[in-house]
Amino acid sequence: MLFFSFFKTLVDQEVVVELKNDIEIKGTLQSVDQFLNLKLDNISCTDENKYPHLGSVRNIFIRGSTVRYVYLNKNMVDTNLLQDATRREVMTERK
Amino acid sequence: MSFFGLENSSNARDGPLDFEESYKGYGGHELEENDYLNDETFGDNVQVGTDFDFGNPRSSSGNNAVNGNAVGTTARSYVAATAEGIGGPRTNAAPAAAAPLDLKPMESLWSTAPPPAMVPPSQGAMAPGPQQMGPPQPILSMQDLERQQRQMQQQFMNFHAMGPPQGLPQGPPQQQFPMQPVSGQPGPSQFAPAPPPPGVNVNIAQMPIGPAQVPVQASPSPIGMSGGPSPGPAVGPGKMPLQGGRRSKRDLSPEEQRRLQIRHAKVEKILKYSGLMTPRDKDFITRYQLSQIVTEDPYNEDFYFQVYKIIQRGGVTSESNKGLIARAYLEHSGHRLGGRYKRTDIALQRMQSQVEKAVTVAKERPSKLKDQQAAAGNSNQDNKQANTVLGKISSTLNSKNPRRQLQIPRQQPSDPDALKDVTDSLTNVDLTSSGPPSAGSSAAAAASKQRRRSSYAFNNGNGTTNLNKSGGKKFILELIETVYEEILDLEANLRNGQQTDSTAMWDALHIDDSSYDVNPFISMLSFDKGIKIMPRIFNFLDKQQKLKILQKIFNELSHLQIIILSSYKTTPRPTLMQLKKVDLFQMIILKIIVSFLSNNSNFIEIMGLLLHLIKNNNVSFLTTSKIGLNLITILISRAALIKQDSSRSNILSSPEISTWNEIYDKLFTSLESKIQLIFPPREYNDYIMRLQNEKFMDEAYIWQFLASLALSGKLNHQRIIIDEVRDEIFTTINEAETLQKKETELSTSPQRSPELETELKSITYNKEKLYQDLNLFLNVMGLVYRDGEISELK
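Going line by line, the protein sequences match chains L and Y. Residue numbering for the first sequence follows UniProt numbering, beginning at 1 and increasing consecutively. Residue numbering for the second sequence follows UniProt numbering, beginning at 1 and increasing consecutively.
Worth flagging that the hints you see were computed from the coordinates, not collected in a lab. Be aware that one or more of the hints could be misleading.
[To be verified] Sample of chain Y residues facing chain L (criterion: CB under 7 Å; computed from the structure):
hint	residue
1	GLU301
2	PHE303
3	TYR304
4	VAL307
5	TYR308
6	THR482
7	TYR484
8	GLU485
9	LEU488
10	PHE527
11	GLU737
Here the structure is a predicted model, which is why all the values come from computation and not from measurement. Note that the Cβ used here is the ideal one computed from N, Cα and C, for glycine as well.
Can you build the whole structure from these sequences, using the hints too?
Structure below.
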């Protein structure tokens with residue numbers, strides 16, 4: 001649940017999603033679910049020339065399992081809190 | 001189709017539903033009663049028996065579309081008719097009306113509003129039935145929602161039972177209206193989440209196009225279920241206003257026509273499968289999905305999100321967790337538009353009730369899993385199965401417990417670690433040739449009482465020996481984690497309004513532990529995360545505990561890694577990272593100490609702290625470090641403040657005063673003849689300025705120290721101070737004067753550019769700052785530096 005919880009805080013933020021087929025898509029994160037499926041809005045493809053078919057797409061649903069990376073802005077992450085959340089996760093596992 | 005409501009779900013379980021079977025006989029094309037609207041629907045020049053494929057207006061593939069679709073898709077025919085441009089006096093009006101209409105397919109697709117809501121405003125005005133456009137929906141309780149759902153379901157069952165005998169293939173949309181009053185529901189009920197028949201969505205989108213339907217809707221009089229709509233009054237009023245004022249299709253430009261067709265095609269596509277699931281079906285799926293993500297204990301399982309939101313909102317949770325989930329899920333599922341009337345509040349309410357139910361489901365689930373896991377034991381984990389509503393799933397792998405990419409074996413602390421500790425200490429011995437023997441062995445730890453602390457600090461620049469003297473790096477890091485866990489637990493208790501018991505946390509701090517050369521707590525402060533946790537620790541401590549911690553800090557100040565890092569003697573070439581660390585310490589720990597001293601402490605405690613500092617540390621070394629100097633400044637200036645304050649209100653007792661004088665004398669003696677050392681050498685300053693890319697070095701903290709030292713001292717003390725730092729005073733004056741010259745030079749220069757202006761500003765600022773710092777010290781002794789000379793303060 002840690003990553004789900006984390007990604008929920010990124011809703012309405014702009015992220016770049018790199019898929020496992022090398023396509024990079026920039027867009028506003030609309031929603032995320034427990035499988036880390038992502039919904040992006042106002043998307044743009046970083047390599048328009050290579051993937052022209054994405055030029056006419058405005059929003060997109062990405063299956064979580066196809067995501068390789070999600071690039072974030074540094075200040076979107078509260079690292080101290082994330083550390084605490086990780087600790088909590090470990091603590092609950094141990095119980 | 002979904003029209004069958006309840007039966008649908010049971011059918012679905014028994015096996016795939018043959019739609020053609022289920023509709024057999026419903027839409028036979030023999031002549032029927034009350035089909036006077038058929039020409040509206042199908043065009044009036046069409047042979048009886050022609051096969052319509054309502055979903056695909058363009059294809060004429062004649063399967064029994066009429067049979068299959070007639071019940072649910074009455075209104076679709078308009079799309080077909082419009083798209084194909086079937087002429088005729090009546091249909092003329094129909095396509096025309098479509099032109100200015102925004103179909104908003106998404107809304108209609110997700111619409112949860114029941115039939116009466118379909119009446120467009122223009123028609124509603126004509127016949128404002130009691131249940132149309134009702135007042136804003138009062139908040140419905142969950143029970144209400146459910147009751148209404150049941151009732152609506154019941155209605156459709158009834159209707160379905162009666163519909164066919166009446167021979168009304170196009171019946172459903174029309175029949176509902178008379179039924180509304182029968183159900184005895186109050187007006188608002190129409191917004192209730194009732195499962196609309198499949199045709200509804202179609203109607204919503206198409207409504208204004210089809211004048212033929214208007215009469216039926218515009219006459220919501222409670223005719224009752226028995227009678228079909230009477231043609232007479234119904235047709236009349238409905239058609240007139242709609243036909244007026246609208247452009248006929250011929251007026252449209254080809255471009256507009258093309259767009260219209262595209263739009264229709266799109267709507268067709270969307271409508272093809274609309275209504276496949278009843279709202280109940282959707283609710284069921286939603287609830288199931290929700291049950292995967294809701295949790296009873298959000299602060300535990302959804303910690304990051306929950307706390308992040310609190311921090312973002314500045315400590316206030318504006319909405320309940322369930323509300324948030326409901327809202328988020330509403331967004332996610334596409335229901336957010338709230339149906340045709342954009343009743344987002346209703347949609348949200350419904351979703352909240354769903355979340356409520358889902359939480360109940362979730363509550364039951366984990367226990368089930370645990371039982372199963374317990375039963376299955378540890379062997380053969382992957383074969384463990386859990387029975388869920390949707391079948392069997394593996395209980396070991398789910399979204400809450402995904403498959404691990406890394407399996408880290410839990411290793412019992414054993415010999416390899418001990419060995420490593422020894423090697424660590426060995427290397428440190430090599431590095432610090434002059435240092436005392438390594439304390440890695442337990443024998444040395446036992447001898448901890450006879451240590452000479454102040455000398456330790458000089459042994460190295462990175463503090464690893466100190467770590468080893470307090471149990472090793474790993475031990476300290478584990479200790480910090482333990483403290484974090486205790487703090488997280490305490491904070492969780494605080495959030496839940498439970499009692500907090502900080503004894504376990506206090507024990508984890510090892511403040512009273514004297515089995516190590518260097519107290520583990522002091523070593524904890526060698527790590528950033530150890531520093532960062534301090535304010536949170538202090539939240540759970542009482543005054544005595546806080547005082548104890550401070551005593552420990554001042555006692556072992558020389559062991560503090562931060563002192564070593566911030567002293568120009570031990571770390572003449574600090575890295576940027578180290579400087580950041582010093583800043584972090586200054587920001588957090590000094591802040592804690594200052595706030596404790598100014599809020600909780602009395603004169604005796606401050607004297608005690610100062611005594612701890614003097615007795616156990618090499619004071620002169622401490623003053624070469626920025627942090628050390630700051631700490632001493634804090635203590636003596638606070639003491640001076642209390643002394644001044646109490647000289648007015650409550651006088652300090654004479655033993656207190658004399659003790660203070662004694663302590664001050666001790667402090668001064670340890671500094672005497674070494675006061676000049678508090679000024680870092682030129683090279684050090686230059687280096688740091690280069691590193692931080694700054695032009696000036698802020699030395700205010702040094703002058704603050706001198707000022708507070710002089711303030712508490714007597715005249716002879718002050719004289720000694722001035723004597724010792726005379727050179728520095730003049731250096732500072734020279735520096736300020738150089739800046740002054742530069743300033744005049746720049747300000748008289750003929751060309752002025754923005755860069756020059758900023759430089760000038762910075763020079764003026766720094767010159768002023770130098771004077772300020774210097775005067776802070778001089779003023780204490782009644783002196784002032786002004787206009788190039790030191791004079792007496794008047």
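Going down the list of hints, with the structure as the test:
1. GLU301: 5 Å, holds
2. PHE303: Holds, because the Cβ-Cβ distance from PHE303(Y) to chain L comes to roughly 5 Å (cut-off 7 Å).
3. TYR304: Interface hint status for TYR304(Y): holds (4 Å vs cutoff 7 Å).
4. VAL307: For VAL307(Y), the interface hint holds, since the closest Cβ of chain L sits about 6 Å away, which is under 7 Å.
5. TYR308: Holds. Min distance 5 Å.
6. THR482: Given a least distance of 10 Å, the restraint on THR482(Y) is violated.
7. TYR484: Hint holds; TYR484(Y) Cβ to chain L Cβ min 6 Å, cut 7 Å.
8. GLU485: 6 Å, holds
9. LEU488: 6 Å, holds
10. PHE527: Since chain L brings no Cβ nearer than about 12 Å to PHE527(Y), farther than 7 Å, the hint is violated.
11. GLU737: 43 Å, violated
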